[in-house]
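The hints should help you fit chain B onto chain A, whose structure is shown.
Protein sequence lines correspond, in order, to chains A and B.
By this note's numbering, the letter at position 572 of the first sequence is numbered 868, and the numbering carries on one by one without gaps.
By this note's numbering, the letter at position 144 of the second sequence is numbered 721, and the numbering carries on one by one without gaps.
One or more of the hints may lead you astray.
Said to hold, decoys possible - Calculated lysine to any residue pairs in the SDA-like style (CA-CA distance at most 20 Å, straight line):
no., chain 1, residue 1, chain 2, residue 2
1, B, 620, B, 584
2, B, 620, A, 415
3, B, 620, A, 973
4, B, 620, A, 339
5, A, 709, A, 891
6, A, 302, A, 972
7, B, 620, A, 583
8, B, 620, A, 972
9, B, 620, A, 406
10, B, 620, A, 407
11, B, 633, B, 584
Simulated from the structure, these hints should not be mistaken for laboratory data.
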Amino acid sequence: MPDELKVVGHSVPRVDGPAKVTGRAPYALDLTVPGMVHGIAVRSERAHARIVSIDVEAAEAAPEVLAVVTAASVAPLDVRFGHVARDHPALACDRVMYHGEPVALVVARTPRAAARAARLVRVHYDELDAVIDAETALQDDAPLLHPDRVAPLGDAGLDAGAADLTGNLCAESTVGWGDVDTAMAAADLVVEGEYRYPMLYGYAMEPYNAIASFEEGTLVVHSTAQHPYMVREDLARMFGLPLARVRVVVPYVGGGYGTKSYTKVEPLAALGAWVTGHPVRVALSVEEAMLTTRSDGAHIRARSGFAADGTLLAREFDVVMDSGAYTDNSPVVCAKLANRCFGPYRVPAVRVRVRSVFTNTVPASSLRGFGAPQGALAGELQMDEAAQRLSIDPVDLRLRNVVAPGEEILPRKRGIDADLAEDLRMLTGSLGWGGPSAPGTGIGFGLTASDAGAHPTSVAMVRLHADGSASAAVGATELGQGSRTVLSQIVAECLGLPFDRVAILAADTGATPYERTTGASRTTTLVGRSLQAACADVRRRVREVAAEVAGVDASAVVDLPAGVSVGGERWDYAEVLSRWFGAGGELVGVGEVRRAGEFQAMPPFWEVGASGVVVDVDAETGVVSVLQLTTVGDVGIAINPVLVHGQDLGAATMGLGAALSEALVYDGEALANPNVVDYRVPRSSDVPDRLELLLVERRDGIGPFGAKGSGEGALNPIGSAVAAAVGRAIGVFPHELPLTPERVWRLAQERVGDVRT
Amino acid sequence: MLILSDFRLHRPASLADALLLRAELGDEGAVYAGGTELLLALKMGVLEYEHLIDIKRCPELRGVQQVDGTVRIGAATTHRDLETSPLLARLLPALAELERHVANIRVRAAGTIGGNLAFAEPHADPPAMLTALDARVELAGPAGVRELPVEDFVLGAYETALGDDELVTAVVVPVPPAGVRATYRKLATLERPTVGVAVMGEVAGDTFATAPAVVVGAVDERPLRVDATPLAGASVRDRDALEAVVEAARDLVDPVDDLSGSADYKRHLTGVVTRRALEHIVDPGSPS
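Chain B extracted, bound-state conformation:
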């Protein structure tokens, strides 16, 4: 029977109070936002905490704002808030589209973007996309505020650069310049993504202006950037250049056999999804 063991629930009403609790409780306290991963892990006995710090009542941690060429997303903003945000739809449509397809409606209604990054479950959608978009994670702690690129924040499976006395306060995503397109393609054989590939790049006329950012998520423990230099300046009809990047993606990943598929199959899928993501950048009407 899955039943939570006892814990004390703290409900700070401000970021300052939340940080005080973090400093006081250290690794005995878990940050609790949507709880979509944490509560399950607690019920299964995989994690145990004596204290939970519920940050949902800290107003500083919610909402989507446009700030100086970036979109600043409060860490406790839910996936549902993001999929329905007009601002996100206008400035970061590919991220909004991704959010529409995260897990299921129940998870999206509760789960948060900050929780998603901080829990660092490898089989997740947002980290690859945020990496491709050069997003940064804003962390607050006793020493003040610092920012880290998403790819430096996620260190491995369930492992991040977050300190015991810190909180993720926001995700800051640069708004891509005009002409730059982004996309995320994924394949899920079970509930979570088996392979997800994010691409951001500029197609000018019929050539790639520069090498696009290509990031493979959900296969390895953390998102991996694929070397896409063969596409820099290449024609969109240059199948050899495209296949070279597909090949690079396939070679880069180090999948393992699990319920969602064998390593072989996931390596193969990495190539397929990478190709489809690149084709989608070139032709947004191409089939998924």
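Looking at chain A on its own, in the form it has when it is part of the complex:
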């Protein structure tokens, strides 16, 4: 570590650590608002049906019940939300679109009274044909789920794909260049296959919850939202309020992973408050959260053409995503999957089509990785299959094709800000690739690069107080990733202050400046940069006022750690403020990042994924044990190495869930496993014994001190890596996740071909 850095680059303890481990840190679920009452949703028991009537009299007459809210009861209020297309009603209007959809909200003085009354609400349905499977939904005779399409909102910061959509298409994205057909025809080897990535529930310890109230004409919401400013826009549209009159506050959040991106239960709480005049809490159970959002499952048809020496000649992907009942964020996932599926390779000809399809299932939206894990399952496995068939080492095959630092992956996009070849060598070295391997074991690894950061709008504010300490206000949410710690480190470093002289106020749209999202692994990079700018701004103010007080030219004032030199005399910040204000006061600096200048090129940065595993397969039972996990955290600089390790291990472990055990399963029109007993997420005992969490610090990122984002990359190649490792152990490459014991056992039975281990 270069010694000019005092705070950045060190694993300082988390600022929220003591409060969290002692149970004192406030989460939305810990808050109470005076007069607060409780809302519980009545949920659809049909996958697709017209609502004939809703009998609410018995529920409304039940003890302690204040109101039963339905879409009809709040008309003409338009209860739909959605940041891409406003098609998702908070309460089903004339139709239910999936099993588990909220139909009514019972508001009562206690959660028990609301739950009891909810059982008294009778919904009369006129059943409609449902379509659960995405391929079926694409057929001409499939029931049309959105006959009256809602025009997209046209947010310029969202890559939402094609416009003129028909049938059950929720979105469509295409990417391409070169002459794929000619290149495939000329190829010495064409690897072709179909791959399936499961639909997932991104389990977080804290389920969705929100408290809403109307206070002096302002809608105030405390919630678990990852993107409070996006939720604010949805609520402003729904209630016809200016942005200034919607305040969304997000305390600590018990896990986000993208599942808390965008609007979830906030409209339900707000509608309850709007009807009853009371603050209303809506707090979901895990089981209800599983009926709220999931990730897009993907069926991928892929072809890759290679020359005999392993050079990639062409790649073609045709992907169908199962996106569920409403648009939500699937169009953006669709666009990202299209950008990410062919990998960080130099490919002369590419043809990608990704179709996101409406079905009568739980609506899909963001989840960690965001299309990359789905695409990599096919893209990376085909690299392994090609290597095997061409008798080329799969590391060499990748090295032959991987982009060099600075080279474009996508035409006219930012060149890659990483040395992927070196990352791959580190990864495979750690895994013992090329060395001896025990029978029944296999090594698998993968390489991905994601266009990360999303639309780079970030505004930050730094306040320098009379005692020389500083607080920063940012819109980023603390989801457990440690953003408040990392941002504190950046402010401390920039102002030359000790870490404990800095505080962060975050994620209150009524008080903190705008942050577009806390997603796409962006906070360290983009909020870090806007904070750096704010620190520079406040330092400029310090020099300015010091010069004026001293009666010298501004050029005679020079920055020092935690102060300035005025004509050779050291004044610390407190002294500057004291001389300027006489008593009290503060200096304020603001900073911003916008899509201009060095942030004009998209993406703001590339997030690298380089992960691998060593597995042991019990071929007789099909049980896969992960013996070793290696991640390469190519983060430019680790502002806090321990937190980067946490992100990489967490992301990779989440990837192991999808690789080995997680999948939402529909049995007819309802989920067969809508609980975390039957839907198995990894536990601490599933974390492999051998962990190699490597860090690479080349200072090649656009973020503060050369940083770039982390938090998703380590997950992205895990599914393909586990599949490849299992494939090498049993002799046939799996194409479908999760690799449940039965699936592996069946593959081992039908072993074909011969795979080198």
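For chain B alone, coordinates are given in the frame of chain A:
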């Protein structure tokens, strides 16, 4: 939202009081010990009761004692108590080992052995082992105390021989004679066991002294005893005899397709786990 409906909670301080409540409330009252199955079923609305009889405060129902060649386990003894009981570790090490791997620590800390048997969830670990060990269930009711072999107590999925006015008071497990070994092997693809096989038998030198007890749990609605006579007097190296028992286990079960696997797969697993359990009896160092 999963919220319990209203019920009245009774907390008798003695077995006698608990039995009076049982007699009085009949099928309107559920016996509540660990609640690991019952409370979930109540929250989901699968079961509804107006009364719960909490038996955790009855001292007669707790504890592990050695009584005349048996181990008597109070019905309200938790899995955690069993996994940490020095007496159980010494006298019934295979049962102690099984208890260490029941579900997860939260379930083990609350769930009880009596509750496990009385709820009769098919995907459970102890019933197969207790069957193999020839354990008996002690039941108390207005007419006094009776004992039933575990395999006669568990009748099917969520179905037992327990009367509405009775309580499970203890599980009585004979201590196997010296030289007799027991083991339990299982495979769980989800939270609960997919297949569990318990074996108790005596290996003298390199032969099975008699046919071992082999019981398959978690596959069918109740534990099933496998005919292991091919192994009676057989050498431990007699693969044909061993495979005949494995085959018998596979043929015996009647699995269904569910989230934990297809019927085919579970039948196959039954064979694998049976083979591994038998190998473990022969060689306790063999891999699980």
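A quick look at each hint next to the structure:
The straight-line distance between the Cα atoms of residue 620(B) and residue 584(B) is roughly 12 Å, inside the 20 Å bound, and the hint therefore holds. Of the supplied pair hints, the one linking residue 620(B) and residue 415(A) holds, its CA atoms being roughly 13 Å apart against a limit of 20 Å. Under the criterion of a C-alpha separation no larger than 20 Å, the hint pairing residue 620(B) with residue 973(A) is consistent with the structure, at around 15 Å. Simply put, residue 620(B) and residue 339(A) have alpha-carbon atoms about 16 Å apart, close enough for the 20 Å limit, and the pair holds.
Between residue 709(A) and residue 891(A) the alpha-carbon distance is near 13 Å, which keeps this suggested pair within the 20 Å criterion. Simply put, residue 302(A) and residue 972(A) have alpha-carbon atoms about 44 Å apart, too far for the 20 Å limit, and the pair is violated. Distance restraint check for residue 620(B) and residue 583(A): the Cα-Cα separation of roughly 12 Å lies within the 20 Å cut-off, and the hinted pair is therefore satisfied. A distance of roughly 15 Å separates the Cα atoms of residue 620(B) and residue 972(A); the hinted pair therefore holds under the 20 Å criterion.
In summary, the hint linking residue 620(B) to residue 406(A) is supported, as the alpha carbons are separated by about 17 Å, within the 20 Å threshold. A threshold of 20 Å between alpha carbons decides the hint, and for residue 620(B) with residue 407(A) the separation of about 14 Å falls inside it, so the pair holds. Note on residue 633(B) and residue 584(B): the hinted pairing holds, with a Cα-Cα distance of about 17 Å set against a maximum of 20 Å.
The structure fails to meet hint 6 from the earlier list, while all remaining hints are met.
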